[in-house]
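Using the sequences and the hints, build the whole thing.
The listed protein sequences derive, respectively, from chains A, B and C.
Numbered according to this note's numbering, the first sequence spans residues 1 to 208.
Numbered according to this note's numbering, the second sequence spans residues 209 to 416.
Numbered according to this note's numbering, the third sequence spans residues 417 to 624.
Because the hints were derived from the structure by calculation, they are not lab data.
Just so you know, even glycine gets a beta-carbon here, dropped at the ideal spot from N, CA and C.
Below are the DMTMM-like pairs computed for lysine to aspartate or glutamate, each with C-alpha atoms no more than 25 Å apart in a straight line:
{"id": "1", "chain 1": "A", "residue 1": "Lys206", "chain 2": "B", "residue 2": "Asp282"}
{"id": "2", "chain 1": "C", "residue 1": "Lys457", "chain 2": "C", "residue 2": "Asp441"}
{"id": "3", "chain 1": "B", "residue 1": "Lys414", "chain 2": "A", "residue 2": "Glu56"}
{"id": "4", "chain 1": "B", "residue 1": "Lys414", "chain 2": "B", "residue 2": "Asp285"}
{"id": "5", "chain 1": "C", "residue 1": "Lys622", "chain 2": "B", "residue 2": "Asp285"}
{"id": "6", "chain 1": "C", "residue 1": "Lys499", "chain 2": "A", "residue 2": "Glu143"}
{"id": "7", "chain 1": "B", "residue 1": "Lys414", "chain 2": "A", "residue 2": "Asp60"}
{"id": "8", "chain 1": "A", "residue 1": "Lys41", "chain 2": "B", "residue 2": "Glu389"}
{"id": "9", "chain 1": "A", "residue 1": "Lys67", "chain 2": "B", "residue 2": "Asp285"}
{"id": "10", "chain 1": "B", "residue 1": "Lys347", "chain 2": "A", "residue 2": "Asp60"}
{"id": "11", "chain 1": "B", "residue 1": "Lys388", "chain 2": "C", "residue 2": "Asp576"}
{"id": "12", "chain 1": "C", "residue 1": "Lys457", "chain 2": "A", "residue 2": "Asp191"}
{"id": "13", "chain 1": "B", "residue 1": "Lys388", "chain 2": "A", "residue 2": "Asp160"}
{"id": "14", "chain 1": "C", "residue 1": "Lys434", "chain 2": "C", "residue 2": "Asp471"}
{"id": "15", "chain 1": "B", "residue 1": "Lys249", "chain 2": "C", "residue 2": "Asp576"}
{"id": "16", "chain 1": "C", "residue 1": "Lys452", "chain 2": "C", "residue 2": "Asp506"}
{"id": "17", "chain 1": "B", "residue 1": "Lys311", "chain 2": "B", "residue 2": "Glu376"}
{"id": "18", "chain 1": "B", "residue 1": "Lys344", "chain 2": "B", "residue 2": "Glu328"}
{"id": "19", "chain 1": "B", "residue 1": "Lys414", "chain 2": "A", "residue 2": "Glu76"}
{"id": "20", "chain 1": "A", "residue 1": "Lys180", "chain 2": "B", "residue 2": "Glu376"}
{"id": "21", "chain 1": "A", "residue 1": "Lys139", "chain 2": "C", "residue 2": "Glu479"}
{"id": "22", "chain 1": "C", "residue 1": "Lys499", "chain 2": "B", "residue 2": "Asp399"}
{"id": "23", "chain 1": "A", "residue 1": "Lys103", "chain 2": "A", "residue 2": "Glu113"}
{"id": "24", "chain 1": "A", "residue 1": "Lys36", "chain 2": "A", "residue 2": "Glu49"}
Sample of chain B residues facing chain A (criterion: CB under 8 Å; computed from the structure):
{"id": "25", "residue": "Ala372"}
{"id": "26", "residue": "Pro381"}
{"id": "27", "residue": "Val384"}
{"id": "28", "residue": "Leu413"}
What follows is a set of in silico ranges between Cβ atoms, one per label pair, in the way DEER data are often shown:
{"id": "29", "chain 1": "C", "residue 1": "His468", "chain 2": "B", "residue 2": "Lys344", "range": "51 to 61 Å"}
{"id": "30", "chain 1": "C", "residue 1": "Ala580", "chain 2": "B", "residue 2": "Asp399", "range": "23 to 33 Å"}
{"id": "31", "chain 1": "B", "residue 1": "His267", "chain 2": "C", "residue 2": "Gln600", "range": "22 to 32 Å"}
{"id": "32", "chain 1": "B", "residue 1": "Gln350", "chain 2": "C", "residue 2": "Lys587", "range": "48 to 58 Å"}
{"id": "33", "chain 1": "B", "residue 1": "His267", "chain 2": "A", "residue 2": "Gln142", "range": "38 to 48 Å"}
{"id": "34", "chain 1": "B", "residue 1": "Asp380", "chain 2": "C", "residue 2": "Glu581", "range": "17 to 27 Å"}
{"id": "35", "chain 1": "C", "residue 1": "Val562", "chain 2": "B", "residue 2": "Glu376", "range": "47 to 57 Å"}
{"id": "36", "chain 1": "C", "residue 1": "Ala624", "chain 2": "B", "residue 2": "Asn377", "range": "50 to 60 Å"}
{"id": "37", "chain 1": "C", "residue 1": "His468", "chain 2": "A", "residue 2": "Asp14", "range": "32 to 42 Å"}
{"id": "38", "chain 1": "C", "residue 1": "His468", "chain 2": "A", "residue 2": "Asn119", "range": "23 to 33 Å"}
{"id": "39", "chain 1": "C", "residue 1": "Arg549", "chain 2": "B", "residue 2": "Val315", "range": "55 to 65 Å"}
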Amino acid sequence: MLFKFLPKEFNFFDLFDKQVDYAVDAAVYFKELVSKGAVDKAALQKMEEIEHQGDEVSHDIFEHLNKTFITPFDREDIHALAKELDNITDMINTIASRLVVYKLTSVDKNLIEFASVINESVNAVAYAVKGLRNLKNSKAIQESCVEINRLENVGDAMRDAMLAEVFENSKDPITVIKLKEIYQDAETVLDICEDVTHVVGAILLKQA
Amino acid sequence: MLFKFLPKEFNFFDLFDKQVDYAVDAAVYFKELVSKGAVDKAALQKMEEIEHQGDEVSHDIFEHLNKTFITPFDREDIHALAKELDNITDMINTIASRLVVYKLTSVDKNLIEFASVINESVNAVAYAVKGLRNLKNSKAIQESCVEINRLENVGDAMRDAMLAEVFENSKDPITVIKLKEIYQDAETVLDICEDVTHVVGAILLKQA
Amino acid sequence: MLFKFLPKEFNFFDLFDKQVDYAVDAAVYFKELVSKGAVDKAALQKMEEIEHQGDEVSHDIFEHLNKTFITPFDREDIHALAKELDNITDMINTIASRLVVYKLTSVDKNLIEFASVINESVNAVAYAVKGLRNLKNSKAIQESCVEINRLENVGDAMRDAMLAEVFENSKDPITVIKLKEIYQDAETVLDICEDVTHVVGAILLKQA
Numbered sequence: 001m002l003f004k005f006l007p008k009e010f011n012f013f014d015l016f017d018k019q020v021d022y023a024v025d026a027a028v029y030f031k032e033l034v035s036k037g038a039v040d041k042a043a044l045q046k047m048e049e050i051e052h053q054g055d056e057v058s059h060d061i062f063e064h065l066n067k068t069f070i071t072p073f074d075r076e077d078i079h080a081l082a083k084e085l086d087n088i089t090d091m092i093n094t095i096a097s098r099l100v101v102y103k104l105t106s107v108d109k110n111l112i113e114f115a116s117v118i119n120e121s122v123n124a125v126a127y128a129v130k131g132l133r134n135l136k137n138s139k140a141i142q143e144s145c146v147e148i149n150r151l152e153n154v155g156d157a158m159r160d161a162m163l164a165e166v167f168e169n170s171k172d173p174i175t176v177i178k179l180k181e182i183y184q185d186a187e188t189v190l191d192i193c194e195d196v197t198h199v200v201g202a203i204l205l206k207q208a
Numbered sequence: 209m210l211f212k213f214l215p216k217e218f219n220f221f222d223l224f225d226k227q228v229d230y231a232v233d234a235a236v237y238f239k240e241l242v243s244k245g246a247v248d249k250a251a252l253q254k255m256e257e258i259e260h261q262g263d264e265v266s267h268d269i270f271e272h273l274n275k276t277f278i279t280p281f282d283r284e285d286i287h288a289l290a291k292e293l294d295n296i297t298d299m300i301n302t303i304a305s306r307l308v309v310y311k312l313t314s315v316d317k318n319l320i321e322f323a324s325v326i327n328e329s330v331n332a333v334a335y336a337v338k339g340l341r342n343l344k345n346s347k348a349i350q351e352s353c354v355e356i357n358r359l360e361n362v363g364d365a366m367r368d369a370m371l372a373e374v375f376e377n378s379k380d381p382i383t384v385i386k387l388k389e390i391y392q393d394a395e396t397v398l399d400i401c402e403d404v405t406h407v408v409g410a411i412l413l414k415q416a
Numbered sequence: 417m418l419f420k421f422l423p424k425e426f427n428f429f430d431l432f433d434k435q436v437d438y439a440v441d442a443a444v445y446f447k448e449l450v451s452k453g454a455v456d457k458a459a460l461q462k463m464e465e466i467e468h469q470g471d472e473v474s475h476d477i478f479e480h481l482n483k484t485f486i487t488p489f490d491r492e493d494i495h496a497l498a499k500e501l502d503n504i505t506d507m508i509n510t511i512a513s514r515l516v517v518y519k520l521t522s523v524d525k526n527l528i529e530f531a532s533v534i535n536e537s538v539n540a541v542a543y544a545v546k547g548l549r550n551l552k553n554s555k556a557i558q559e560s561c562v563e564i565n566r567l568e569n570v571g572d573a574m575r576d577a578m579l580a581e582v583f584e585n586s587k588d589p590i591t592v593i594k595l596k597e598i599y600q601d602a603e604t605v606l607d608i609c610e611d612v613t614h615v616v617g618a619i620l621l622k623q624a
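Structure representation (structure tokens):
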């Protein structure tokens, strides 16, 4: 690789701020959708736009990463962070899309509950990621990460209780198939948020 | 790591050509199988042989990567490319195997449609990967990547339409379980092809 | 990254020994649980404790990795090894948890068979990982890796035969949904053990 024509530095923080804002948008809009209980094709299109915009930012980050010589933290951590933030928005969009495909258009109180926890977790992710700009914030960032981990445990228990309920009460196997996937997907969003804390933790540790 | 006994250079391009040819073989044979609608154990064995041969090449690549000091592009990109190409052949083989296990032996027009798109996408992957040998091809490589991304979107829409149809029309939950997994797997092949474009994109960008 | 305050060396082998012992504990306890056929909440709690302790060790490894300048083998390989060993324990714990959620509390001879193969494979993983401390063991390590790969193939065939049986014999779709996931998860444990052999293989090759 020839470095001579590469820009020496680039402000990755601005792009991460933008990317995590799209993740928050997706989480907020997801909560709105499931609260109304009717994800139609128009609503889905708006979600796909959010996902698409987040995707563009992650491509921007990867492109600058490959062209920039000096980075604010390890290249592999920048790559992993952009990837995980992209995964959050992707997964939320996937769930919305499945709700349409599976015609799950009635209000599901379990999903509303999950959407709230996802919202809290993605907000904490946003707080942690935006904090990386100034590492004097490291204590507050770490507290966000603890909160994200707590919410992942909450999500695990929620999913298990909901699956047990579905298997117990639902007599229709088709409904079981659909809800099982949706609840597992919802929990996956919280897993991805937890993956972000691993990257953030590595960044903090290396800068300590 | 002691570099002194390591060969300085190795021609990775030859191995990538071989590996992507096995992916093409798998895609072509898969299309043939689903068009006949009868994947029997003998047919499966032939597919497994293709997968096994592709696997051997990827091991060759990893081995040379660990023993070679000078590589034509970043080590991590070589590793990722070999891994993703292996994933394509693996996933196609997995689907063929599931067709046998699930006794899905009648002709399924949806699967034929998917097999065609997979064929097109894997051909474009082969074109892009073989192009890496001479980066004067970069424009044509990029066009292949655009095509692969287009086909991934086509696959997403196909899978969603097929799942909606299955959930709408199939009264038998067991059939739903089987077809849902098969169609999602088929789309996963296209996702992996898209993953290849990310690696190829990074390689092009770093060499630009 | 400033290296001046970083400890120069750290004994990663001790932590890997501890981590792989937790994986063995999980595999042994899993076999005990499925042999009794009654995973209750108390039993699950003990499994979760094993998983939690393994998790702590992997965090220790990641933390030391980020703070240590000289490592016994490539940093990326240390990271990958700790990650895969963690995945083994995680996946076993996930299966145990699903058995409770799905109320699969009767003895399932298939699962006992799988638990035995998992035990053998995790034991071979422990042998290989503990061998890394002294690379004079490399031949014995490689033999363990061959055995792990053999057991993964055994697991593939077992899962396929069990799924074919479930689809053939079970008239209840809900049971199919549950058992299908459990058997696929069980095979995933063997896949993860095989992933360990890839990391171990890379380590051996680089040190050769």
